[in-house]
Amino acid sequence: MKKVRVALLVIINVMGVGIVAAWCYLLSTLCASPRTINEATKNTVDYNCHGTVVFITPFQDLQLHWLLLPLLVVTLASFVVRMWQPPN
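When we follow this note's numbering, the leftmost residue of the sequence shown carries the number -14, and every step to the right adds one.
No lab work stands behind these hints, which were simulated from the structure alone. In this text, all values refer to a predicted model and were calculated from it rather than measured experimentally. Be aware that one or more of the hints could be misleading.
Unchecked claim - Between beta-carbon pairs, the in silico distance windows are: (1) Thr21 x Gln48: 19 to 27 Å; (2) Trp8 x Thr29: 17 to 25 Å; (3) Pro43 x Val5: 46 to 54 Å; (4) Lys(-12) x Tyr32: 44 to 52 Å; (5) Leu(-6) x Thr37: 40 to 48 Å; (6) Leu61 x Gly36: 31 to 39 Å; (7) Val(-11) x Thr29: 43 to 51 Å; (8) Cys34 x Ser63: 40 to 48 Å; (9) Trp51 x Ala(-8): 26 to 34 Å; (10) Cys9 x Gly36: 34 to 42 Å.
Ideal Cβ positions, reconstructed from N, Cα and C, are used throughout, including at glycine.
Using the sequences and the hints given, assemble the complete structure.
This is how it looks when you write it as structure tokens:
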């Protein structure tokens, strides 16, 4: 059972690092978005980037809001696995 617990912790930690990396990549690319609405590339959602309004795609806006939910789930799963005691 200890091997299963260690394997679960490794998988959960890798998932957490991946989500944080995706979040960092997304935030580092948002400020390079165009400053005017561009219908051709679907940059239509306004986003305030350090005082400058840029227009991002609806998918980037979706990622911006919903990447935190999987991170919360992974964090809670990590706590559950760490507290889990196998039966004797």
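Hints, one by one, checked against the model:
no. : hint                         : verdict
1   : Thr21 x Gln48: 19 to 27 Å    : holds, 22 Å
2   : Trp8 x Thr29: 17 to 25 Å     : holds, 22 Å
3   : Pro43 x Val5: 46 to 54 Å     : violated, 23 Å
4   : Lys(-12) x Tyr32: 44 to 52 Å : holds, 45 Å
5   : Leu(-6) x Thr37: 40 to 48 Å  : holds, 41 Å
6   : Leu61 x Gly36: 31 to 39 Å    : holds, 35 Å
7   : Val(-11) x Thr29: 43 to 51 Å : holds, 47 Å
8   : Cys34 x Ser63: 40 to 48 Å    : violated, 31 Å
9   : Trp51 x Ala(-8): 26 to 34 Å  : holds, 27 Å
10  : Cys9 x Gly36: 34 to 42 Å     : violated, 21 Å
Violated hints for the displayed structure, listed by number in ascending order: 3, 8, 10.
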